[in-house]
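Chains A and B are the protein sequences, given in the same order. Position 162 of the first sequence, counted from 1, bears residue number 162 in the UniProt record's numbering, the numbering being contiguous throughout. Position 146 of the second sequence, counted from 1, bears residue number 146 in the UniProt record's numbering, the numbering being contiguous throughout.
Warning: the hint list may mix true and false statements.
Identical chains blur together in the list; that is why a pair holds if it fits in one copy or across any two.
[Unchecked claim] DSS-like, lysine-lysine: derived pairs with alpha carbons at most 27 Å apart:
#1 Lys128 / Lys104
#2 Lys137 / Lys5
#3 Lys137 / Lys104
#4 Lys5 / Lys128
#5 Lys104 / Lys202
#6 Lys13 / Lys201
#7 Lys13 / Lys137
#8 Lys13 / Lys202
#9 Lys202 / Lys128
#10 Lys201 / Lys104
#11 Lys201 / Lys128
No lab work stands behind these hints: they were computed from the structure.
Below are the chains, spelled out letter by letter.
There are 2 protein chains.
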Amino acid sequence: MQFTKERIDALEKHTRTHFINSLSGFKSANLIGTQDSQGNTNLSIVSSVIHLGANPPLVGMIIRPHSVPRHTFENILQTGCYTINQVNQAIYEQAHQTSARYDKDQSEFEATGLTPEYLNNFTAPFVKESRLKYSVKLVEHQHLAINGTEFVIGEIMDVYVDDNAVEADGFIDLHAIDTVAITGLDSYHATTKLARLPYAKK
Amino acid sequence: MQFTKERIDALEKHTRTHFINSLSGFKSANLIGTQDSQGNTNLSIVSSVIHLGANPPLVGMIIRPHSVPRHTFENILQTGCYTINQVNQAIYEQAHQTSARYDKDQSEFEATGLTPEYLNNFTAPFVKESRLKYSVKLVEHQHLAINGTEFVIGEIMDVYVDDNAVEADGFIDLHAIDTVAITGLDSYHATTKLARLPYAKK
Chain A
1 MQFTKERIDA LEKHTRTHFI NSLSGFKSAN LIGTQDSQGN TNLSIVSSVI
51 HLGANPPLVG MIIRPHSVPR HTFENILQTG CYTINQVNQA IYEQAHQTSA
101 RYDKDQSEFE ATGLTPEYLN NFTAPFVKES RLKYSVKLVE HQHLAINGTE
151 FVIGEIMDVY VDDNAVEADG FIDLHAIDTV AITGLDSYHA TTKLARLPYA
201 KK
Chain B
1 MQFTKERIDA LEKHTRTHFI NSLSGFKSAN LIGTQDSQGN TNLSIVSSVI
51 HLGANPPLVG MIIRPHSVPR HTFENILQTG CYTINQVNQA IYEQAHQTSA
101 RYDKDQSEFE ATGLTPEYLN NFTAPFVKES RLKYSVKLVE HQHLAINGTE
151 FVIGEIMDVY VDDNAVEADG FIDLHAIDTV AITGLDSYHA TTKLARLPYA
201 KK
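Based on the sequences and whatever the hints tell you, model everything.
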């Protein structure tokens, strides 16, 4: 089935959004925890968190200026701090609910029943129910002029993960801690293991 | 289990690489098809393809300058063209094998047994065995000074997808076409559906 560029351009707007959002493949599911300088907390689900490098440990994410995580972006600029909390099967429905357009003074923690947790004196809130989470300090953000998105880059600080999920070589078994994956805008998936493959040699 | 920043910094280098690569969550699995101006083809697996926007339809990926996809990046700069091909369960072992350090004049298509396919006069090769694939034209690339990676942004052109995978609202069922997800550097996963959730309202 071929969709030429012309046919894609002619799709109804929401149809095109669902279609294009499906093309990149499986996406990560993370909750971004922040608070503003007055201590108002914010929590938003983001499917664009991406590994950038291990040395130094860096993580990126894409935020659209007019999307729900806009409050998240404002708080990150204000405080330089955020947390990234992997979404698991027990909380994916609450995590999705954070994408509703709550006002800035209404916390998504209260609205969804997820529990804020403060660890090691870090100023941004973690999600207590998440089984793999870490504190992040803003390093830089790049404005993508082509569509007005922001590419936010942060340095990974402290990591909190369920006991026994970390294997001897450092690999973390995300299947064992029920982390979910996203496709498109709204589809959630559990996983089954196929294999870990050896380092490829020619 | 807490891993402070100090403890992470002290991890053996490969251990830290596996650990940090696990933090972002599930990753997409895609093969990037390119050729140089002499027509030598190249194919490399990339786990950093990310949705950037639906209007215009944009897709991003992160490429490390000293990694295997370096030939891919050189070809993209030379020709401005590449293809993105989702990896499915039938080809994930061959896809992983493309990460071996083949010389520039040796095609990963030949080395792994995947089949190059040319569609609609696009100059970069597709992977015949992929069930969702699309042509991409380079828009821009941004150098990330902090760790020397390149953020490559492209415009989505023509899309080829298995019949019946596209639902009425434009959503593509990646589970139905056996697309796989990656964790860490080397772990491959199939998926099971949890749910599509409705648009969240407060």
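Hints, one by one, checked against the model:
no.: 1; hint: Lys128 / Lys104; result: within (22 Å within a copy, 48 Å between copies)
no.: 2; hint: Lys137 / Lys5; result: between (40 Å within a copy, 12 Å between copies)
no.: 3; hint: Lys137 / Lys104; result: within (22 Å within a copy, 39 Å between copies)
no.: 4; hint: Lys5 / Lys128; result: between (44 Å within a copy, 20 Å between copies)
no.: 5; hint: Lys104 / Lys202; result: between (54 Å within a copy, 13 Å between copies)
no.: 6; hint: Lys13 / Lys201; result: between (45 Å within a copy, 20 Å between copies)
no.: 7; hint: Lys13 / Lys137; result: between (36 Å within a copy, 22 Å between copies)
no.: 8; hint: Lys13 / Lys202; result: between (45 Å within a copy, 23 Å between copies)
no.: 9; hint: Lys202 / Lys128; result: between (45 Å within a copy, 22 Å between copies)
no.: 10; hint: Lys201 / Lys104; result: between (52 Å within a copy, 15 Å between copies)
no.: 11; hint: Lys201 / Lys128; result: between (42 Å within a copy, 23 Å between copies)
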